[in-house]
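For the protein sequence lines, the chains are A and B, in the order given. Last residue of the first sequence: number 277 in the UniProt record's numbering, and the count goes up by one each step with no gaps. Last residue of the second sequence: number 462 in the UniProt record's numbering, and the count goes up by one each step with no gaps.
Since the hints were derived computationally from the structure, they do not count as laboratory data. Just so it is clear, CB atoms sit at the ideal spot from N, CA and C, and this is done for glycine as well. Among the hints, erroneous ones may be present.
[Said to hold, decoys possible] Each pair of labels, with its calculated beta carbon distance range:
(1) B:E425 / A:E202: 52 to 62 Å
(2) A:K151 / B:V380: 28 to 38 Å
(3) B:N20 / A:M254: 30 to 40 Å
[What the hints assert, rightly or not] Which residues of chain A face chain B? A few of them, derived with a C-beta cut under 7 Å, are:
(4) M23
(5) N41
(6) G42
(7) V65
(8) S81
(9) D84
(10) G178
(11) E180
(12) M221
(13) G224
(14) T228
(15) M259
(16) Y260
[To be verified] Straight-line distance between alpha carbons at most 30 Å, and here's what the computed DSBU-like set of lysine-lysine pairs gives:
(17) B:K403 / B:K205
(18) A:K266 / B:K347
(19) B:K347 / A:K201
(20) B:K403 / A:K98
(21) A:K266 / B:K266
(22) B:K44 / B:K100
(23) A:K26 / B:K280
(24) B:K403 / A:K26
(25) A:K27 / B:K140
(26) B:K159 / A:K56
(27) B:K34 / A:K234
(28) B:K47 / B:K100
(29) A:K234 / B:K347
(30) B:K281 / A:K266
(31) B:K409 / A:K234
(32) B:K205 / B:K34
(33) A:K136 / A:K172
(34) A:K151 / A:K173
(35) B:K188 / A:K266
(36) A:K56 / B:K205
(37) A:K234 / B:K44
(38) A:K261 / B:K266
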Amino acid sequence: MYRITRKKALNPTVTLMEIEAPMLAKKAEPGQFIILRTDENGERIPLTIADFDRIKGTITIIYQVVGATTEKLNHMEEGDSLQDFVGPLGRATNTEGKKKVAVVGGGVGCAIAYPVVKKFFEQGTEVHAIIGFRNKELVILEEEFRANSSKLILMSDDGSCGEKGLVTDALKKLIESGEEYDEVITIGPLIMMKFVCKLTKEYGIKTVASMNPIMVDGTGMCGGCRLTVGGTTKFACVDGPEFDGHEIDFDEAMARSVMYKPFERKAHEEVCNLYKM
Amino acid sequence: MDVLKKVPVREQDPKVRATNFEEVCLGYNEEEAKEEASRCIQCKNPKCVAGCPVSINIPGFIKEVENGNHEEAAKIIAQSSALPAVCGRVCPQESQCEGKCIRGIKGEPISIGKLERFVADWSREHGFVPEAPEKTNGKKVAVIGSGPSGLTCAGDLAKLGYEVTIFEALHEPGGVLTYGIPEFRLPKEGVVQPEIDNVRKLGVKIETNVIVGKSVTIDELLDEEGFQAVFIGSGAGLPMFMGIPGENANGVFSANEYLTRSNLMKAFRSDYDTPIVAGKKVAVVGGGNVAMDAARTALRLGAEVHVVYRRSEAELPARVEEVHHAKEEGIIFNLLTNPVEILTDEKGWVNGMKCVRMELGEPDASGRRRPVEVEGSEFVIDVDTVIMSLGTSPNPLISNTTKGLDINKRKCIIAEESTGKTSKEGVYAGGDAVTGAATVILAMEAGRAGARGIHEYLSANE
Numbered sequence: 001m002y003r004i005t006r007k008k009a010l011n012p013t014v015t016l017m018e019i020e021a022p023m024l025a026k027k028a029e030p031g032q033f034i035i036l037r038t039d040e041n042g043e044r045i046p047l048t049i050a051d052f053d054r055i056k057g058t059i060t061i062i063y064q065v066v067g068a069t070t071e072k073l074n075h076m077e078e079g080d081s082l083q084d085f086v087g088p089l090g091r092a093t094n095t096e097g098k099k100k101v102a103v104v105g106g107g108v109g110c111a112i113a114y115p116v117v118k119k120f121f122e123q124g125t126e127v128h129a130i131i132g133f134r135n136k137e138l139v140i141l142e143e144e145f146r147a148n149s150s151k152l153i154l155m156s157d158d159g160s161c162g163e164k165g166l167v168t169d170a171l172k173k174l175i176e177s178g179e180e181y182d183e184v185i186t187i188g189p190l191i192m193m194k195f196v197c198k199l200t201k202e203y204g205i206k207t208v209a210s211m212n213p214i215m216v217d218g219t220g221m222c223g224g225c226r227l228t229v230g231g232t233t234k235f236a237c238v239d240g241p242e243f244d245g246h247e248i249d250f251d252e253a254m255a256r257s258v259m260y261k262p263f264e265r266k267a268h269e270e271v272c273n274l275y276k277m
Numbered sequence: 001m002d003v004l005k006k007v008p009v010r011e012q013d014p015k016v017r018a019t020n021f022e023e024v025c026l027g028y029n030e031e032e033a034k035e036e037a038s039r040c041i042q043c044k045n046p047k048c049v050a051g052c053p054v055s056i057n058i059p060g061f062i063k064e065v066e067n068g069n070h071e072e073a074a075k076i077i078a079q080s081s082a083l084p085a086v087c088g089r090v091c092p093q094e095s096q097c098e099g100k101c102i103r104g105i106k107g108e109p110i111s112i113g114k115l116e117r118f119v120a121d122w123s124r125e126h127g128f129v130p131e132a133p134e135k136t137n138g139k140k141v142a143v144i145g146s147g148p149s150g151l152t153c154a155g156d157l158a159k160l161g162y163e164v165t166i167f168e169a170l171h172e173p174g175g176v177l178t179y180g181i182p183e184f185r186l187p188k189e190g191v192v193q194p195e196i197d198n199v200r201k202l203g204v205k206i207e208t209n210v211i212v213g214k215s216v217t218i219d220e221l222l223d224e225e226g227f228q229a230v231f232i233g234s235g236a237g238l239p240m241f242m243g244i245p246g247e248n249a250n251g252v253f254s255a256n257e258y259l260t261r262s263n264l265m266k267a268f269r270s271d272y273d274t275p276i277v278a279g280k281k282v283a284v285v286g287g288g289n290v291a292m293d294a295a296r297t298a299l300r301l302g303a304e305v306h307v308v309y310r311r312s313e314a315e316l317p318a319r320v321e322e323v324h325h326a327k328e329e330g331i332i333f334n335l336l337t338n339p340v341e342i343l344t345d346e347k348g349w350v351n352g353m354k355c356v357r358m359e360l361g362e363p364d365a366s367g368r369r370r371p372v373e374v375e376g377s378e379f380v381i382d383v384d385t386v387i388m389s390l391g392t393s394p395n396p397l398i399s400n401t402t403k404g405l406d407i408n409k410r411k412c413i414i415a416e417e418s419t420g421k422t423s424k425e426g427v428y429a430g431g432d433a434v435t436g437a438a439t440v441i442l443a444m445e446a447g448r449a450g451a452r453g454i455h456e457y458l459s460a461n462e
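In isolation and in its complexed conformation, chain A is listed as follows (with noise of 0.2 Å):
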């Protein structure tokens, strides 16, 4: 059992948890992840890793309430445990070598974006944030990414924190005005990470997207994550979760990633019900 030693609301939808697991934390990577299980009768959900303390033995994990598991797992309180959790998996961030980079990160995939770019920073690379949110309500994160980075734009939808607009007029903005960057890593929703990369091709600017399709195992048995990368398929979990983003097929992600949509509406509002009465 993993006992949640730490629970924070970020927004109204989006949680963070610190978990006790010392032997993930001793090896955990920023761009790695995590798979967690609340209860015996639960489903496998992969989630990344947000943070870690190798000392306390923590992994931070940040979660929106989507579906059934984040429904349970909102209704855990600290002091409470987690059935099963299980990792680091996937690959981590390659951050060697790159004297310049932009993070472009949207909605709760920030939470993702803000370990590689602490990772960055620390190690002395010059990194632009750019995080999106739909509105001023849901920004997360804001004051750890501008502790963090060389220099940090915030964007939302409607133009109620930060800039107006979307994160990639935000990019294309900074490499217009004449930034060169040695990469762009972007992490967010699947629509967003396309057109970032759609954005970054037009300039020839190299771009890794990490990915976060359906999982079961984690651990590369089953094949659930698989993603058409450069033409011939990848397991997201142990080839990923990053990848070239100019050579990722996001249409067939995006249809992937709904294939499930009816089963988790339902178990959803089962479990909102459950939690009701």
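Dock chain B against the given chain A, drawing on the hints supplied.
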């Protein structure tokens, strides 16, 4: 009684069982077991023993069953096998012990598998448990993977007095016994868990949620965690795909994913959270045991199911009993048929599978007649779900993260057959991780060999 025929075993009615996940074969009762045991002619030079990969003293235990000494029978089997309730159910007996039985020349062979199963079930129901050693020798051994090879190796080492810890990547132990083989062939709570508990009763610790190669490496286990030897029984869990167009469409699954969702995650039960796409008309591509398991699972979830296989019935690699059961339940076999493309609708879901007819040509290197495409024979099978069951290969996670561990071209770990010794000192391996996908009993034999190798190695170092 006709001595040329096996005493028939009671089974669930095909029409009823096609709608549930309860065990198909109900097994022998004491009377039936005794009658079947009496057919054994107690050969002086028993061929059946030679046909068993772990050389169980078959006439010996059968004699005890005939005399009603079931506990004695269990003790005889326990000398050679750690998982008799499992192996009695899932071994391909027709090509092993029963295939060699003298009775089989003129009539039907002795039902050795069903008798082994009877003894194992009897001992579980009567609380017969293996004896744990009185004290340990203080030497620590790590076993990677809790499938049949790892469980056998761990059990054997514990009996020799070692302190054994098994590391398992998933949240439940058992490997393929838990995530792969369905309930209707191998009940989890009734059969698999009690056999794993028996291994625990020998003093073996099982740590789940530990992925060796990620959570911890073999080098760390040896250099930092105080383990003096390691046995790798990590299996061959990586699914293969065909590489045909449309294979990543929604509704195409590996058999591993489909079976893991159903067996490990219990997606077939409404009180578990993991979803499964049942499908209305399902094609399972492949002809092995895994294909039969996936097909019969889809059938139980309510689908019309087609097994699509490129060779003919004679070449089906699945157990004869499984193919027979599948047919009885209403699975349709599309033989000499090979998929070339998966067709999709505008939303990316499967809505058909383009296939070609095949004919058998000259035998290939493996001795099986090679299937050859019949030109111009393309046609479409109307399906909404496709399950790919083309085999599996070993996960490279361990070999990639362990210094000095040699693997072959197929990513299998190179190990000596009789001892499991690898290229790295103190590291032994066996089962599917070494051979590629094979059978439960061969994995157990390899686990036993690995335990022998480790014992010799750690005894020599004294």
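Taking the hints in turn, this is what the structure says about them:
| no. | hint | verdict |
| --- | --- | --- |
| 1 | B:E425 / A:E202: 52 to 62 Å | holds, 55 Å |
| 2 | A:K151 / B:V380: 28 to 38 Å | violated, 56 Å |
| 3 | B:N20 / A:M254: 30 to 40 Å | holds, 37 Å |
| 4 | M23 | holds, 5 Å |
| 5 | N41 | holds, 5 Å |
| 6 | G42 | holds, 5 Å |
| 7 | V65 | violated, 15 Å |
| 8 | S81 | violated, 13 Å |
| 9 | D84 | holds, 4 Å |
| 10 | G178 | violated, 40 Å |
| 11 | E180 | violated, 35 Å |
| 12 | M221 | holds, 4 Å |
| 13 | G224 | holds, 5 Å |
| 14 | T228 | holds, 6 Å |
| 15 | M259 | holds, 5 Å |
| 16 | Y260 | holds, 5 Å |
| 17 | B:K403 / B:K205 | holds, 26 Å |
| 18 | A:K266 / B:K347 | holds, 21 Å |
| 19 | B:K347 / A:K201 | holds, 26 Å |
| 20 | B:K403 / A:K98 | holds, 29 Å |
| 21 | A:K266 / B:K266 | holds, 18 Å |
| 22 | B:K44 / B:K100 | holds, 14 Å |
| 23 | A:K26 / B:K280 | violated, 47 Å |
| 24 | B:K403 / A:K26 | holds, 20 Å |
| 25 | A:K27 / B:K140 | holds, 23 Å |
| 26 | B:K159 / A:K56 | violated, 38 Å |
| 27 | B:K34 / A:K234 | violated, 54 Å |
| 28 | B:K47 / B:K100 | holds, 6 Å |
| 29 | A:K234 / B:K347 | holds, 21 Å |
| 30 | B:K281 / A:K266 | holds, 23 Å |
| 31 | B:K409 / A:K234 | holds, 20 Å |
| 32 | B:K205 / B:K34 | violated, 37 Å |
| 33 | A:K136 / A:K172 | holds, 22 Å |
| 34 | A:K151 / A:K173 | holds, 14 Å |
| 35 | B:K188 / A:K266 | holds, 28 Å |
| 36 | A:K56 / B:K205 | holds, 26 Å |
| 37 | A:K234 / B:K44 | violated, 56 Å |
| 38 | A:K261 / B:K266 | holds, 19 Å |
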